[in-house]
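Engineer: Full structure from sequences and hints, please.
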Amino acid sequence: MFILFRDSDTMAHFLRIKSLFAKLFSKKRSRVGIYGPPNAGKTTLANRIVRDVTGEALGPASEIPHETRRARRKEGVEIKSDSGSKLMIDIVDTPGVTTKIDYHEFLEYGMEQDEAINRAREATEGVAEAMHWLREDIDGVVYVLDSTQDPFMHVNIMMVGIIESRKLPVIIVANKIDLPDAAPQRIKSAFPQHPVVEISGLEGNNMDALYAKMAEVFK
Amino acid sequence: MIQGVQLDMISADMMSKMTSYEKIRLILDDVHNGSVVVLEKGLSPDEQGRLLEATMMEIAPGGFSGIEIETYPAFDGDKSFVQKLFGKKNKEQHLMVIGPVEQLKMLTRDKDRLIAWASAPQ
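Heads up: the protein sequence lines correspond to chains A and B, in order.
FYI, in the numbering used here the residues of the first sequence are 1 to 219.
FYI, in the numbering used here the residues of the second sequence are 1001 to 1122.
These are calculated hints, taken from the structure and not from any lab test.
Possibly wrong hints are sitting among the right ones.
What the hints assert, rightly or not - Within a straight-line C-alpha distance of at most 25 Å, the following computed PhoX-like cross-link-like pairs (lysine-lysine) qualify:
1) K1041(B) with K100(A)
2) K188(A) with K213(A)
3) K167(A) with K1041(B)
4) K1023(B) with K100(A)
Said to hold, decoys possible - Take a look, some chain B residues computed to stay more than 12 Å from chain A by CB distance:
5) Q1006
6) S1011
7) Y1021
8) F1064
9) V1097
10) I1098
Using N, Cα and C, we set each Cβ at its ideal position, and we do this for glycine too.
Structural biologist: Encoded structure:
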């Protein structure tokens, strides 16, 4: 469509009205944050979701804790369930949440002291950033837990409490079910009030069940 | 001189008269001094989030490494039928134990018992 305007004032007026209509009638895309303690497999899961949809990866994953030290967002990810439900969201991969960071932990992975100290500094900023996102900019949460670890750690109870107090929809993911020590039942008993989906982000097991639950919970 | 760990047990009444910022400052100042803080009534979820953020800002490599924190009873998994029926929430009424991570270690935690080990500041 081509529109001719009499003068610049008329054009500015038209653009203002157009912008107002766009704001009124455009549906805001939900931002879904992937949260959890360090090394739960958040980035592996985020990569799996984004790769399934776009073929790209969101960020590097590593066995060294706090590999993700900045929140990373991928916009416009369309989740499709087997039943045909669709959901368009932004995925936000966040740094692992913890109450303590000691640079000595990184030395055990063969890092030099300066590199370890730098990583610890960035990790503390990353945790604060993740909490800020949760307070201000997240509409729903996928909370990822390692099925081989104790789900009753205080940081998990605290984070789920914060998510509940903000009335955000949440899915608990029992990740790493491909490992022999995995006990996803413990996670289900820890959080009976929330949907729990058992997956392996690394192997891609049961991702369809997760997508179906996301389409249901975050619609 | 007696070597040991200072416990700072704070009543719910005292905490109720403080702002969120005052509570967080009191806790972190105590923890920085090597004390273990026991709150009769734990922090709200929002206050816990802010405590976490403030803790992260104060971590210094080679110095303060963060906090160990636990609530008691630890979780609400076994709510009574009446609590479930009326949706009663009592998370904020739980005891909360907070200490420097270098000195406080939680050994056992379940819904009826919390065992922690504390060492004196170095």
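Engineer: With reference to the structure, classify each hint as holding or not holding.
Structural biologist: Evaluated hints:
1. A hinted pair counts as satisfied when its Cα atoms are at most 25 Å apart, and K1041(B) with K100(A) qualifies at roughly 23 Å.
2. Taking the CA atoms of K188(A) and K213(A), the gap is about 15 Å. The hint holds against a cut of 25 Å.
3. For a cut-off of 25 Å, the pair hint linking K167(A) to K1041(B) stands: about 22 Å separates their Cα positions.
4. For the suggested pair K1023(B) and K100(A), the alpha carbons sit about 19 Å apart, so the restraint of at most 25 Å is met.
5. In this structure Q1006(B) is separated from chain A by more than 12 Å, as the shortest Cβ-Cβ distance comes to about 20 Å.
6. With a least CB separation of 22 Å from chain A, S1011(B) remains clear of the 12 Å interface cut-off, as annotated.
7. The non-interface label for Y1021(B) is consistent with chain A: the shortest C-beta to C-beta separation is roughly 15 Å, beyond 12 Å.
8. Interface exclusion of F1064(B) from chain A breaks down, the closest Cβ pair being 10 Å apart, not more than 12 Å.
9. For V1097(B), the condition that its CB be more than 12 Å from all CB atoms of chain A is violated, with the nearest at approximately 9 Å.
10. In this structure I1098(B) is not separated from chain A by more than 12 Å, as the shortest Cβ-Cβ distance comes to only about 9 Å.
Taken one by one, the earlier hints fail for this structure at numbers 8, 9, 10, listed in ascending order.
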